[in-house]
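Enquirer: Listed below, chain by chain, are the residues.
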Amino acid sequence: MSQAIHHDEHYDAEGSKIGMWLFIFTELLLFGGLFIIYSVYRYMNPDAFHLAAEELNRTVGSINTIILLISSMTIAMSTSALQKGQKGTTILLLEITFMLGLIFLVNKYFEWGVKFDHGIFPGSQHMLDTLSQGEILFFGLYFAMTGLHAIHIIVGMIVIGFALAGVSKGKVHADRSALLENAGLYWHLVDLIWIFLFPLFYLIH
Amino acid sequence: MQASSQIPHDVNYLDYKGKYKGLLSWILSTDHKRIALLYMFSMMTLFMVGVCLGLAMKLELIAPGKTIMGPQDYNAVFTVHGVIMIFMIVIPGLPAVFGNFLLPIMIGAKDVAFPKLNLFSWYVYIAGAVLVISSVLFGDGTPDTGWTFYAPYSFKTGTNMLPAIFGAFVLGFSSILTGLNFIVTIHRLRAPGMTWRKLPLFPWTLYGTAWIQLLATPVVGITLLLVSLERLFGIGVFDPALGGDPVLYQHLFWIYSHPAVYIMILPAMGAISEIIPTFSQKHVFGYNAIVVSTLAIAFVGYFVWGHHMFTAGMSGTAQYTFSILTFLVAIPSAIKVFNWISTMYKGSISLETPFYWAVSFIFVFMIGGLSGLVLGALATDVYVHDTAFVVAHFHFIVFGGVGFSFFAAIHYWFPKMFGRMYDKTWANVGWIFFFIGFLALYTPMFYLGLQGMPRRYYDYLEQFHSANILSTLGSWVMTFGLVITVINLFRSAKIGEIAPANPWNGKTLEWTVPSPPPVENFDVIPVYEEQDGPYEY
Ligand code: HEM
Ligand SMILES: [Cu+2]
Numbered sequence: 001m002s003q004a005i006h007h008d009e010h011y012d013a014e015g016s017k018i019g020m021w022l023f024i025f026t027e028l029l030l031f032g033g034l035f036i037i038y039s040v041y042r043y044m045n046p047d048a049f050h051l052a053a054e055e056l057n058r059t060v061g062s063i064n065t066i067i068l069l070i071s072s073m074t075i076a077m078s079t080s081a082l083q084k085g086q087k088g089t090t091i092l093l094l095e096i097t098f099m100l101g102l103i104f105l106v107n108k109y110f111e112w113g114v115k116f117d118h119g120i121f122p123g124s125q126h127m128l129d130t131l132s133q134g135e136i137l138f139f140g141l142y143f144a145m146t147g148l149h150a151i152h153i154i155v156g157m158i159v160i161g162f163a164l165a166g167v168s169k170g171k172v173h174a175d176r177s178a179l180l181e182n183a184g185l186y187w188h189l190v191d192l193i194w195i196f197l198f199p200l201f202y203l204i205h
Numbered sequence: 001m002q003a004s005s006q007i008p009h010d011v012n013y014l015d016y017k018g019k020y021k022g023l024l025s026w027i028l029s030t031d032h033k034r035i036a037l038l039y040m041f042s043m044m045t046l047f048m049v050g051v052c053l054g055l056a057m058k059l060e061l062i063a064p065g066k067t068i069m070g071p072q073d074y075n076a077v078f079t080v081h082g083v084i085m086i087f088m089i090v091i092p093g094l095p096a097v098f099g100n101f102l103l104p105i106m107i108g109a110k111d112v113a114f115p116k117l118n119l120f121s122w123y124v125y126i127a128g129a130v131l132v133i134s135s136v137l138f139g140d141g142t143p144d145t146g147w148t149f150y151a152p153y154s155f156k157t158g159t160n161m162l163p164a165i166f167g168a169f170v171l172g173f174s175s176i177l178t179g180l181n182f183i184v185t186i187h188r189l190r191a192p193g194m195t196w197r198k199l200p201l202f203p204w205t206l207y208g209t210a211w212i213q214l215l216a217t218p219v220v221g222i223t224l225l226l227v228s229l230e231r232l233f234g235i236g237v238f239d240p241a242l243g244g245d246p247v248l249y250q251h252l253f254w255i256y257s258h259p260a261v262y263i264m265i266l267p268a269m270g271a272i273s274e275i276i277p278t279f280s281q282k283h284v285f286g287y288n289a290i291v292v293s294t295l296a297i298a299f300v301g302y303f304v305w306g307h308h309m310f311t312a313g314m315s316g317t318a319q320y321t322f323s324i325l326t327f328l329v330a331i332p333s334a335i336k337v338f339n340w341i342s343t344m345y346k347g348s349i350s351l352e353t354p355f356y357w358a359v360s361f362i363f364v365f366m367i368g369g370l371s372g373l374v375l376g377a378l379a380t381d382v383y384v385h386d387t388a389f390v391v392a393h394f395h396f397i398v399f400g401g402v403g404f405s406f407f408a409a410i411h412y413w414f415p416k417m418f419g420r421m422y423d424k425t426w427a428n429v430g431w432i433f434f435f436i437g438f439l440a441l442y443t444p445m446f447y448l449g450l451q452g453m454p455r456r457y458y459d460y461l462e463q464f465h466s467a468n469i470l471s472t473l474g475s476w477v478m479t480f481g482l483v484i485t486v487i488n489l490f491r492s493a494k495i496g497e498i499a500p501a502n503p504w505n506g507k508t509l510e511w512t513v514p515s516p517p518p519v520e521n522f523d524v525i526p527v528y529e530e531q532d533g534p535y536e537y
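Going down the list, the protein sequences come from chains A and B.
Mapping of the first sequence onto UniProt numbering: position 173 corresponds to residue 173, and the numbering continues sequentially without gaps.
Mapping of the second sequence onto UniProt numbering: position 354 corresponds to residue 354, and the numbering continues sequentially without gaps.
Worth double-checking, as some hints may not be accurate.
Quick list of the computed label-pair ranges, beta carbon to beta carbon [unchecked claim]:
1) B:48 - A:102: 44 to 50 Å
2) A:204 - B:532: 55 to 61 Å
3) A:195 - B:316: 19 to 25 Å
4) A:130 - B:67: 50 to 56 Å
5) B:486 - A:28: 41 to 47 Å
6) B:59 - A:109: 17 to 23 Å
Please keep in mind that the hints were generated in silico from the structure rather than gathered at the bench.
Here the structure is a predicted model, which means the values were calculated and not measured.
By construction, the Cβ of each residue, glycine as well, lies at the ideal position given by its N, Cα and C atoms.
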């Protein structure tokens, strides 16, 4: 693929980082829209949101917060390990990050599962019969926002997977680290969004 | 790696034999010029579909009562017509085709910053288009909400909305990626010495556009996702039955879709700003003013979305704030018109086809813009809201703006893109039919709207008959001009005279490379000296 080789030759780490930052910007705006919707509805239904938030399991939420924070740290460490040329450590740290993402999703799965068992999911008859409109809205937003966040976790894990493959094949190394750094940036974004979601849904009373 | 030197510089991008042959050499190419043509041909195809739907609507409206379709079909046709035209043609139009082809050349680069991402964006675009089309072909009926997908109807109607809404979301994603690519390209790959103040005007407008694409599209993305979730699971956000607010949907939708109008119109203005100086053989008047007004339009455009909702139940304060802000956007637009006119003043004008298209662009754009003030003013908007007046206004602005500019641009850059000249006589014949047809098609709609004919109805009262006949006849004349133009271009791409590198004596960088350009555009990357500028005549 002579064309592709040619383009690789113009490797522009700075450019690809700018590109990633711009993309992160769009992601922030995406969630920004959701946060605005959340605050509008919270303002309109303060009591119902309060009541509904009681239902959420703060322990699971806190555990997941800690998991994500640690994973942010491990991926940051993997970048500096790569800079120092420690390939093995880089790979190990990336694998740990990946696993932490997976654990987060497993926790989420159980958390959602419990809600489903209680008949709390969008469109459920139980909610329509027993909950107020504000509470329905709260749970609608809860599932939409944490669900979208979970999808971002999955995308982040796929990106980490690519970085991992790149590092093991030697395509990503100290002088060509943009892929790993961008994976890191993306992962921090996912983490950051959770840092906002967590208090909004679990903590505010 | 020595790959760069393997690509011969005397082979143009159309003849270049890469690793793949035939169709694959196109759909796997990361060359920005080939990707531009991929976009062009896919858009042409979709545009033909959209035009046929438009013609069908006009045929239906030729007489009161049912002519060729009933109300449900009419709803489906205007929905698909709108979705195709807006999301697949005019929003991506100029950036994807001419931006891709010319941006790297005009700034002296060998390609965009992310060539693979560029190709990927095209695939995303195609995926989005296929999704939307599939909503027509499969499922329980063609979407019938109008291209705005207004809640709550969009999640209550029994028709096949999901693929259409998701398709629009996917198309937005393609738009974001193109914008991102262009921003990085302009920041990183300008030729040495090409400062911001020497950046040609078309790249400038692409830059402004790219920022709007980046900052506005995510908002509609999340809105469309929420409507989909509403439809699939009933999350309640826009559903008044569950405590949600459908007006909130309108806010979010227009926060994107109004700036989207500037995604459409800015690059169109940029192309016109290239063409007018070239055919006046004169330095562009007020370069700085054009740049500043570009950025001003991009900026102010964010704050006017509310003018789409004057009648939807907003507070009085919100109404007049949005009304005033709407008027503000007219200022930078008017500045541009003055700049173009002043550029022509005392120029040595050559009456070529691109110039005709460009001048008729200014004409229809002004009519569209002035009628926009009627809609931006609270009192008059309440009167003409959702009448044929609105349809006339946005076709003048959007179709007039993007369509005329697109054809101006294709005739201007055609020799560069294909290395051949088109037949000038036929090109002019096509233009005149198109122009006259366009005016005959849409001007009566202003009148009809003022008389009170509502939009989005397949039927009307007898009193509207005569103006509608004129409008329908106009649609045929315009389509005739369109067909002539397209056939002429297709034929000329094959058999036209061989074009010189610089047929119009243009001054920007694309005219310094051979026609058609070689694979990597430049043998030697050009360097700008202190005294060089983009438009030195
Ligand atoms: C052959 C050219 C065209 C014809 C004959 C045509 C005609 C029409 C007609 C009759 C309507 C329906 C108005 C109503 O009943 O409310 C309509 C709607 C529309 N057209 Fe076109 N049009 C053409 C080109 C375009 C282009 C190039 C665009 C791109 C901007 C466009 C965008 C729209 C949109 C967005 C709507 C609104 C659909 C809706 O109400 O949801 N049209 N057009
Ligand atoms: Cu608007």
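Enquirer: To test your reading of the hints: which numbers does this structure violate?
Expert: 3 and 6
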